[in-house]
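First residue of the sequence shown: 1, per this note's numbering; consecutive thereafter.
Just so you know, these hints were derived from the structure itself, not from any lab. Here the structure is a predicted model, which means the values were calculated and not measured. Any given hint might turn out to be false.
With a straight-line Cα cutoff of 27 angstroms, these simulated DSSO-like cross-link-like pairs (lysine-lysine) come out [to be verified]: (1) Lys203 / Lys424; (2) Lys652 / Lys495; (3) Lys387 / Lys403; (4) Lys640 / Lys677; (5) Lys424 / Lys450; (6) Lys495 / Lys39; (7) Lys652 / Lys569; (8) Lys494 / Lys403.
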Amino acid sequence: MKHILWILILFVGVQSIAQKKNFTLVEAINGLTTTLAVKNVKQLQWMGPSDAYAFVVNNETQNCIQRNYANTFSADTLLTLAALNKAIVAKKGTALKSFPTLNYLNDHRFYFQQENTIWEATCYSQDSVFLESIAKLPANAENIFIDTNNMSVSYLSASNLFVQYNGNGFVKVTRDGSEDIVYGKPVHRDEFGIDKGTFWSPKGNYVAFYRMDQHMVESYPVVNWNEVPATVKNIRYPFAGRTSHQVTLGVYNCETGNTIYLQTGEKKDHYLTTVTWSPDEQYIYVSLLNRDQNHLYVNRYDAQTGQLIKTLYEETNDKYVEPQHPLYFLNNNPDQFIWWSQRDGFMHLYLSQGDNPLVPITSGNWLVNELLGYARESNELVFTGTKDGAMQKNIYAVNLDTKNIRTISTTAGIHTAQLSASGKFVIDAYTNANTPRNIEVINLNDGHEKRIFTAFNPLENYNTARVESVTITADDNTPLYGKLIYPSNFSPSKKYPVIVYLYNGPHVQLNKDAFPFSGNLWYDYMAQRGYFVFVMDGRGSSNRGFAFESITHRRLGTIEMEDQLAGVKYLKSIPQIDSNRMGVHGWSFGGFMTTSLMLRHPGVFSCAVAGGPVLDWSMYEIMYTERYMDSPEQNPEGYKTNLLLDKVNNLKGKLMLIHGTDDDVVVWEHSLKFTKKCVDEGVQIDYFVYPGHPHNVRGKDRVHLMQKISDYFDLYLKP
1 MKHILWILIL
11 FVGVQSIAQK
21 KNFTLVEAIN
31 GLTTTLAVKN
41 VKQLQWMGPS
51 DAYAFVVNNE
61 TQNCIQRNYA
71 NTFSADTLLT
81 LAALNKAIVA
91 KKGTALKSFP
101 TLNYLNDHRF
111 YFQQENTIWE
121 ATCYSQDSVF
131 LESIAKLPAN
141 AENIFIDTNN
151 MSVSYLSASN
161 LFVQYNGNGF
171 VKVTRDGSED
181 IVYGKPVHRD
191 EFGIDKGTFW
201 SPKGNYVAFY
211 RMDQHMVESY
221 PVVNWNEVPA
231 TVKNIRYPFA
241 GRTSHQVTLG
251 VYNCETGNTI
261 YLQTGEKKDH
271 YLTTVTWSPD
281 EQYIYVSLLN
291 RDQNHLYVNR
301 YDAQTGQLIK
311 TLYEETNDKY
321 VEPQHPLYFL
331 NNNPDQFIWW
341 SQRDGFMHLY
351 LSQGDNPLVP
361 ITSGNWLVNE
371 LLGYARESNE
381 LVFTGTKDGA
391 MQKNIYAVNL
401 DTKNIRTIST
411 TAGIHTAQLS
421 ASGKFVIDAY
431 TNANTPRNIE
441 VINLNDGHEK
451 RIFTAFNPLE
461 NYNTARVESV
471 TITADDNTPL
481 YGKLIYPSNF
491 SPSKKYPVIV
501 YLYNGPHVQL
511 NKDAFPFSGN
521 LWYDYMAQRG
531 YFVFVMDGRG
541 SSNRGFAFES
551 ITHRRLGTIE
561 MEDQLAGVKY
571 LKSIPQIDSN
581 RMGVHGWSFG
591 GFMTTSLMLR
601 HPGVFSCAVA
611 GGPVLDWSMY
621 EIMYTERYMD
631 SPEQNPEGYK
641 TNLLLDKVNN
651 LKGKLMLIHG
661 TDDDVVVWEH
671 SLKFTKKCVD
681 EGVQIDYFVY
691 PGHPHNVRGK
701 DRVHLMQKIS
711 DYFDLYLKP
């Protein structure tokens, strides 16, 4: 009987393994955002200044907002969707099918936008709500921002700024907005951490806004081929070394209706970044960065007159200075703020008090990722960072007096956290190689944790690939982190092709301790098809400090290729990898890297696919290119070295270029000029375009893209 029992157990185990499914291409490409998405809590957030948090429950039995109090962990229903819809219909509005994006003012008030109306809701019980229309917006309104002091509203329409202050009607603040003069939008092509262009003051009495004059920037055509005849949309694209746009910063006084502009100087092709109001609304702080991006001035301006009051700090670097974060004022004290800087080689936090020199709050060979806020009772800054490893992002708190750092998160991984306004509690959502998603509420005072959500593994019934962490040493002894994905049904007696997937450019890190650990289900899909896949973050990529990222300065593509070739050397040392069947693939900067490897190190890879590639850095945008390469006039040799248009005759093996025809980031002309050069030189490549797609191919068409890429590797790498 015992033998029969063990045979039965073994049979069931084998059957369980055998029943695991392979990924379809659709699942591999879009599954993590659709059918295989890791479950989450909808709209989980703190409720304004309170220690209550809320989330939306939307299932077969409930459609409501759940409210929870972190200090007692008591819970109730704030409002049902039925009650909200009843109030909306009573106001002649259209009923909602589900809750829209909610923004909480406190634990019983919130506002939201429905179509062209902004509503404020005050909840008396789960079945009773008072609804008030805050603003009616035109159909073309965009970049909408709310001041919660007076529920004032700003928006953009036809490149002009409109403001409704304290319930009064909308005022047209600017009048000359056009395609050439743009108000209130992010400027400098969203570099330098810029993600908005309108800034309400802390008390809601003023609105600061960008004014971007780009009439002097060259016009560039983006063609819509879906119409007959094709139509052209001209954009302003500032190429490296050429004329840049000019940006100023206006301040609108909501009480008087007057507008002034900050006196930021006559070198108008500089960059205005990290715009921050002082808590008392007296000043605006702006980081002014010169065109060469090697000299930063942290300036204080008078919000009434626009005059420069003082330059608080300067930062210089023989490579570049890159401001990325606004000032963070502590406890609304106008004389005390936190400043971010890489001046010691890693992104750290510094304290500014009055006219005193900056005092380092964090330090070490690791960096701060996010500043979550200030815990007043313990006098600590709460932040996420890489203190325990570059592949992780954990939560920490640093005491402003002692500079002692304590770890808040108890499980290592990638943490996304929200600090309550009081600084007493953290909502901590995290993932790691073995954890799809857990969410906990942590009491910062006593460390108590309460698990409020655990996501099941949506890949449990699939044949996920074996993933092995790899560390390779660069030629300067720097450790480089990567992952090796093994082919399914791996046999030590066989040889397999390998695909190197890469990016290796600034501000991107591919390898993290996150779910799924492979990093991309397409890797698992290719493992099913009998491939090794290798992914490594070489020098020049993100999250390892300034020296690691900036070593590529003035020579993009050179150091990065050395590191990727060190990865190739490692791959060749694995007996089961066939060095004659090596492929490489990347997009954008990764497309540049892919093409560079094929042309500057021909013969290493037998097959490559480059998507949206930069092939001539003089044809890429000023802000990015001149930071890492200086201008073509300043660095002609560097631009010549990584120019790929003149190296087409070096090609050995198969190369396919892919580009979206509406690409306004790496413009289509890059790959068109490369193709023309191949024709001129009699060099054969493969080429494919995606009409109507911008810099990448998203949505359902991405499945078509990845099918084409997968088939291309099968065609030339399979035996």
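These are the hints, each one checked on the structure:
In summary, the hint linking Lys203 to Lys424 is supported, as the alpha carbons are separated by about 24 angstroms, within the 27 angstroms threshold. Distance hint between Lys652 and Lys495 is fulfilled; the C-alpha atoms sit about 23 angstroms from each other, no more than 27 angstroms. For the hint linking Lys387 to Lys403, the alpha-carbon distance of about 14 angstroms falls within 27 angstroms, and the restraint holds. Annotation: proposed proximity of Lys640 to Lys677 holds, straight-line Cα distance about 16 angstroms (limit 27 angstroms).
At most 27 angstroms may separate the alpha-carbon atoms for a hinted pair to count; Lys424 and Lys450 meet this at roughly 14 angstroms. With a C-alpha separation of about 38 angstroms, the suggested pairing of Lys495 with Lys39 is violated against the 27 angstroms cut-off. For the suggested pair Lys652 and Lys569, the alpha carbons sit about 19 angstroms apart, so the restraint of at most 27 angstroms is met. Between Lys494 and Lys403 the alpha-carbon distance is near 55 angstroms, which puts this suggested pair outside the 27 angstroms criterion.
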